[in-house]
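So the protein sequences, as listed, match chains A and B.
Here the first sequence is numbered in the working numbering, starting from 1 and rising by one per residue.
Here the second sequence is numbered in the working numbering, starting from 1 and rising by one per residue.
Careful, some of the hints might be misleading.
What the hints assert, rightly or not - Stretch by stretch, here's where chain B covers chain A in the computed footprint (C-beta under 8 Å, at least three residues):
#1 42 to 48
#2 176 to 185
#3 193 to 202
What the hints assert, rightly or not - One-sided excerpt, in silico: chain B residues whose CB lies under 8 Å from chain A:
#4 A8
#5 L10
#6 G12
#7 R136
#8 G143
Source of the hints: derived by calculation from the structure; they are not laboratory data.
We put the CB at the ideal spot given by N, CA and C, even for glycine.
What follows is each chain in one-letter form.
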Amino acid sequence: MGAINLDDSVMTTRLDSVVNWARKNSLWPLPFGTACCAIEFMSMMSSRYDFSRFGAEALRFSPRQSDMLLVLGTVTNKQAPVLRQIYAQMAEPKWVVAVGVCASSGGMYRTYATLQGIDRVVPVDVYVPGCPPRPETMIYGVMQLQEQISRESLSSRKEHIERFYQSLARQEERQRASGQSGYQTVREMVLEAGEQGEQQIW
Amino acid sequence: MVIERIEAQLPGVVLDRHDFRGDETVVVAGDRFLEVVDFIFGEGFQMLLDVTAVDREDREPRFDVVYHFLNLTSQDRLRIKVPVAEGCAVPSLVSRFKSADWSEREVFDLFGIPFEGHPNLSRLLMWEDFPGHPLRKDYPLDGGDRFCSQDIGASFAPEARSLNI
Numbered sequence: 001m002g003a004i005n006l007d008d009s010v011m012t013t014r015l016d017s018v019v020n021w022a023r024k025n026s027l028w029p030l031p032f033g034t035a036c037c038a039i040e041f042m043s044m045m046s047s048r049y050d051f052s053r054f055g056a057e058a059l060r061f062s063p064r065q066s067d068m069l070l071v072l073g074t075v076t077n078k079q080a081p082v083l084r085q086i087y088a089q090m091a092e093p094k095w096v097v098a099v100g101v102c103a104s105s106g107g108m109y110r111t112y113a114t115l116q117g118i119d120r121v122v123p124v125d126v127y128v129p130g131c132p133p134r135p136e137t138m139i140y141g142v143m144q145l146q147e148q149i150s151r152e153s154l155s156s157r158k159e160h161i162e163r164f165y166q167s168l169a170r171q172e173e174r175q176r177a178s179g180q181s182g183y184q185t186v187r188e189m190v191l192e193a194g195e196q197g198e199q200q201i202w
Numbered sequence: 001m002v003i004e005r006i007e008a009q010l011p012g013v014v015l016d017r018h019d020f021r022g023d024e025t026v027v028v029a030g031d032r033f034l035e036v037v038d039f040i041f042g043e044g045f046q047m048l049l050d051v052t053a054v055d056r057e058d059r060e061p062r063f064d065v066v067y068h069f070l071n072l073t074s075q076d077r078l079r080i081k082v083p084v085a086e087g088c089a090v091p092s093l094v095s096r097f098k099s100a101d102w103s104e105r106e107v108f109d110l111f112g113i114p115f116e117g118h119p120n121l122s123r124l125l126m127w128e129d130f131p132g133h134p135l136r137k138d139y140p141l142d143g144g145d146r147f148c149s150q151d152i153g154a155s156f157a158p159e160a161r162s163l164n165i
């Protein structure tokens, strides 16, 4: 049995970095468009800005077929449990980009009706400022996400998502016990967390 | 002027009135409201554009329910205000105007004013078990959320990177 000369055909690396390299270059976006940011998003996806250059070409309108949630616009308290369910249904591993100030912090809507930042109910990886942000800003935000993906470890991402599932289980348990609607349950969880100075419920 | 005709046909029904550049408003009591609506329907005011309410808070009765009517032939508009006290009901117009259905549900949802005779008086915008009625003056704007009105959230400013775009 003769020796096989492999030369340059073998490269050593870490599993994390090669998997993350694949992940960051094939993001499948799911738009959760609720306001004007979604209009900028259309521009970002189409020919002038051409978001598909970054490997996120296949836009899917089903959470089951996507792994990057783009929240584009104002999210009301009534939408909060809907957003949580959509995030829960997405294929793992999954990332969230809060596009625009409304999704990031509630923006100018400082009222009872508006969720003060989607990071209170779902984990957010990148916040893109602007009202609405220009397509370049959104692209830069996703480039930041790609950089973050290339740095993260596979297990930490899994644990990060697992924390959200635990909060969803807490929500369902609470809903069963109180007999309240999902809207009111999430609202009360957010208010109670706020009373304790906590930003988020997950 | 339709207000004069209302006063002639239904004496004493108009509690107050004003008109400014064709913007005609009458105030009528809740118990005679349906008479007025039936009369102006015959006069041509056959479209109910909107039902809303005003919370006067310190006044008694506390609320004004405001109806906007449009005369489709003459294009005249008429606003009817019905003062209503807290907990008292206003007669529903759903049997006369289909557009009253959701408008009245919205007023019920946001002001807590019940409409007598409405076929499905449930909340329109807020969820069913939402506590309180948000457009009342005594409802806090932030809905009790400390993160809403005060800056107590964690600041991400030191970690933010410059975008330079």
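Checklist entry - Where does the structure disagree with the numbered hints, that is, which hint numbers, in rising order? => result 1, 4, 5, 6, 7
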